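Here is what each chain is made of, one letter per residue.
Protein chains: 2
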Amino acid sequence: ATIASLLAREPVPQDLAGRHALVTAGPTHEPIDPVRYIANRSSGRQGYAIAAALSARGAGVTLVSGPVSLPAPPGVALVPVETASDMLAACEAALPADIAVLAAAVGDWRVTHPGTAKLKKRPGQPAAPLSLTVNPDILASLSAPGPRRPALVIGFAAETEDLLANAADKRRRKGCDWIVANDVSLPGDGSPGVMGGDRNQVHLVTADGTEAWPSLDKREVADRLAARIAAHLAPHSLIRNSP
Amino acid sequence: ATIASLLAREPVPQDLAGRHALVTAGPTHEPIDPVRYIANRSSGRQGYAIAAALSARGAGVTLVSGPVSLPAPPGVALVPVETASDMLAACEAALPADIAVLAAAVGDWRVTHPGTAKLKKRPGQPAAPLSLTVNPDILASLSAPGPRRPALVIGFAAETEDLLANAADKRRRKGCDWIVANDVSLPGDGSPGVMGGDRNQVHLVTADGTEAWPSLDKREVADRLAARIAAHLAPHSLIRNSP
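Going down the list, the sequences are from chains D and W.
Every position in the first sequence, counted from 1, becomes a number in the working numbering once 1 is added.
Every position in the second sequence, counted from 1, becomes a number in the working numbering once 1 is added.
No lab work stands behind these hints, which were simulated from the structure alone.
Misleading hints may appear alongside valid ones.
The list cannot tell twin chains apart, which means a pair is met if one copy fits it or any two copies do.
What the hints assert, rightly or not - Below are the DSS-like pairs computed for lysine-lysine, each with C-alpha atoms no more than 27 Å apart in a straight line: (1) K119 x K219; (2) K219 x K121; (3) K219 x K171; (4) K122 x K171.
Model, not experiment: these values are computed from the prediction.
Based on the provided sequences and hints, a complete structural model is requested.
So this is what it looks like as C-alpha cells:
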C-alpha cells in the first residue's frame, strides 16, 4: 500500500464495541513424553489476524492460543495454552462471550499414556505403537445449547479432500453457526502448503448456503470475517431468521 | 557486558582455519499426515551457537538444521531439513568434514505409514494406534570407522534420568569421541525446561572420563566446546593418545 492509500483508508467502524469475542489460534501440542509431542502445521496467523480485526472494530477480545511465535495483537488478552484439554478449559473460563471464533488447529488425539521420563529407544527392539485417545471437542462444546452459548459460534475446517461436503457436515454435526472452510491441499505462495502459508482460499458455510471468497491474504480474510460478524450481530440483523 | 568489557574482549583465535565442521541442530519433524507431525522441544539454539562459535574460530561450517525459528549465523552454510532421514542424507552430502557436532534432537522414531490425506476422526470410534519405525541413527552412522569418518565426532545426550551412566554408555555404543551430556530434567531459568531454555548444565564425556562444566548459557557452552575442539585438533595434540 502507498502512503497515500494508507492515509486515505477509512476508519474502522466501532460496530463491535461492547461485545466480547473469544478467539482460538495456533496448534495444540500433545505430549508423548517430557521432550516429544504431537503437533500440527498451524502457524496461528489466521487466528491472530481475526483477533486483531475484531479488536479493531471495538470488541474486547480473549485470544486463547497454542504455542506459536507471534506477538499478541495490541489490546487483545492473550491466554497461552499447550494441549487441547488446556485450550477447552481456557475457553470455558473466558465465557460469557458474544462471539466465538475457533480458528485453532486443535489436535484430535492425545497420547493415552504420556511418558513421565523420556522414552528410550531399545536397540534391536521395535518401537511400541503410540496409543491415542480422542481429545475433547472444543467446537461442539461451545456450540452446545445453553445459557452460556455465544450468540455466534464460528468453526474452521481444514480439509485436503471433499472440502465443502465435509465443512457442511461439520457445521451440522458440531452445532456451530458458521464454518470457515480452508482447502489445505492447495499449494501456498512459495510456502509448503496453505496451512502455515500467507494466503487462504476459503468458503464461508452458513445455514443459508456457501459463499466462495476470493484468494485473500490472512489479514484480508480476517477483516472480511470481522465485517460479516459485525453485520450479523448488528441490531437490524435481529429481525432475520438467524443464525 | 559493558561496552568497556566488549572492547576489551580478546580477539577469537583463528585456530580452526582450514577445518570443515558439520553441525546439526534443532528438532526433526516426522509426519503423521499432511498437517500433523511428531516433534520435540529442541529450540536449536545450542547447535546454532556451536556453529557460530566454530565459524568465529575460522572453521568452514555446514549447519544441517531441523525446523527452528532462528537466523543462520553469519558465514555459516545452512541446510534446512525436516525429517531424520533428510538430516542423515544432508550430513552425508556435507562430508568430508574434520569435525562433526551432532546437536540436533533427532526423532528416534517416524510414523510407519504417514497418511497422504489428513486423517479424519471418526465419531464414536477409537483412534487407531500410531505404528512407529526406528529412524536411522545419524550419530552411529557418522561415527562408523572408514575413510570419511570425521576426525572428531561429538554427540549430545539429553536425559531425564541416570545422565552420566547413559551418556558414557551412549558414547561407547555409538562409537563417537565425545558426548555433551545435558540434564533436561532440571528446570530452566523461567523456561518450561532446559530443553528450549537459556542455560545448560552439561558434562563432557570423553574416553578419559567426565568433566562437569558449570551452569552456562548456551553461547558459553558453545565457546567452551569450540575451544576444546580447537585444542584437541591442534598439532601438539597429535602426540596425545586421543581421542
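Against the structure, the hints come out as follows:
Taking the closest pair of Cα atoms, K119 and K219 come within 27 Å of each other only across two copies (22 Å); inside a single copy the shortest separation is 38 Å, beyond that limit. With identical chains, the CA atoms of K219 and K121 are at most 27 Å apart between copies only, with a shortest distance of 25 Å across copies and 41 Å within one. Taking CA atoms no more than 27 Å apart as the test, K219 paired with K171 passes inside one copy only; the shortest distance there is 22 Å, against 47 Å between copies. In the homo-oligomer, the alpha carbons of K122 and K171 lie at most 27 Å apart only across protomers (11 Å), although the nearest pairing inside one protomer, at 39 Å, exceeds that limit.
In summary, the structure agrees with every hint in the numbered list given earlier.
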